[in-house]
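> Here's the letter readout for the chains.
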Amino acid sequence: MKVKDLLKEESFTVIAGEKGLDKELEGVYIGDLLSWVMAHLQENEAWITIQSHVNVIAVAVLNDAACILLAEGAYLDEDAKKKADQEDLAVIMTSMSAFELAVKINELMKENG
Amino acid sequence: MGTVNLAFHVAKEDFSKAGEASSSIKKTLKKLGIDSKIIRKVAIVTYEAEMNIVIHSHGGKITVDIDTEKIKIQAIDQGPGIADTNKAMEIGFSTATQKVRELGFGAGMGLPNIKRNSDKFAISSEIDKYTKIESSIYLTK
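Respectively, the protein sequence lines represent chains A and B.
The numbering used here applies: residue 1 is where the first sequence begins, and numbers increase by one.
The numbering used here applies: residue 1 is where the second sequence begins, and numbers increase by one.
Don't read these hints as lab results, they were simulated from the structure.
The beta carbon of each residue, even a glycine, is placed where N, CA and C say it ideally should be.
Hints are not guaranteed to be accurate.
Stated by the list, open to error - Here are the computed lysine-lysine pairs in the DSS-like style, where the Cα-Cα straight-line distance is at most 25 Å:
1. B:K129 - A:K2
2. B:K31 - B:K70
3. A:K81 - B:K27
4. B:K12 - A:K81
5. A:K82 - B:K70
6. B:K132 - B:K12
7. A:K81 - B:K17
8. B:K31 - A:K82
9. A:K82 - B:K30
10. A:K104 - A:K4
11. B:K27 - A:K23
12. A:K82 - B:K99
13. B:K12 - B:K129
14. A:K19 - B:K27
15. B:K37 - A:K23
16. B:K99 - A:K81
17. A:K82 - B:K17
18. B:K12 - A:K82
19. B:K70 - B:K120
20. A:K23 - A:K2
As the list claims (entries may be wrong) - Negatives, chain B to chain A, calculated, CB over 12 Å:
21. T3
22. E20
23. S124
Next comes chain A alone, as it looks inside the complex (with noise of 0.2 Å):
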């Protein structure tokens, strides 16, 4: 599916980086310490976290993540906004909490293939 699919849930917004809901999503990682993130975050991956400032854009990028997804009402700050817009990176935050989030992600890919 791609990353614009998530949408099709009408409690998420997209709140930077538009231009990357064009993204493949094929995978879900939850984690909010960056270094193990770093090591583990796959390429076409979602990933799930409370961390919101602009330092995650980076490692999101690096490891060619889908797009960001900010769990229970984490809003990213204007720098990693801007930085998000930059690179094309999708941020989209929701209320859910990291377990909700993972279980719509998995309704929403069976439905999207």
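Following the hints, put chain B in place on chain A, whose structure we already have.
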């Protein structure tokens, strides 16, 4: 392909620019047509080295030299140096402050990540002078 040399200054505590050197290195490697698995290794090494300079040092620089056989990454800072480099290499050991940890840094994984992704790795340090990390990643095995 001839030799390509890149150099980046990394400022201390500048989290707003942190990751820019690594991103720029990655873009160059993509343009050179380097294999994506190799690029991933280089990205991890340069990112962790860059963050180490930002978080722990008085500033430093990262150089990347690419030839037909390997990519050699060197990160050297201006101190304060590491008293026990063996301890610094232990997974989970970190001297990062609570404030930095709240941002998701300081997991004690940076240097181990660098070593794991390097084909050749060396760290040297002198208190009040420098810490130097050398990492080579071979293009062909």
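> A separate judgement is required for each hint: does it hold in the structure or not?
Here is how each hint holds up against the structure:
1. B:K129 - A:K2: Not satisfied, since the Cα-Cα distance of roughly 50 Å exceeds 25 Å.
2. B:K31 - B:K70: 16 Å, holds
3. A:K81 - B:K27: Roughly 20 Å between the alpha carbons, so the hint for K81 of chain A and K27 of chain B holds.
4. B:K12 - A:K81: 23 Å, holds
5. A:K82 - B:K70: 34 Å, violated
6. B:K132 - B:K12: The hint holds at about 15 Å.
7. A:K81 - B:K17: 14 Å, holds
8. B:K31 - A:K82: 24 Å, holds
9. A:K82 - B:K30: 23 Å, holds
10. A:K104 - A:K4: Given pair K104 of chain A, K4 of chain A holds - Cα atoms ~14 Å apart, limit 25 Å.
11. B:K27 - A:K23: 18 Å, holds
12. A:K82 - B:K99: 23 Å, holds
13. B:K12 - B:K129: 15 Å, holds
14. A:K19 - B:K27: 19 Å, holds
15. B:K37 - A:K23: The given pair, whose Cα atoms are some 19 Å apart, holds under the 25 Å limit.
16. B:K99 - A:K81: 22 Å, holds
17. A:K82 - B:K17: 12 Å, holds
18. B:K12 - A:K82: Judged against 25 Å, a Cα distance of about 22 Å means the pair holds.
19. B:K70 - B:K120: Status holds; Cα separation ~10 Å.
20. A:K23 - A:K2: 6 Å, holds
21. T3: 24 Å, holds
22. E20: Incorrect as stated: the minimum Cβ-Cβ distance to chain A is 7 Å, not above 12 Å.
23. S124: 22 Å, holds
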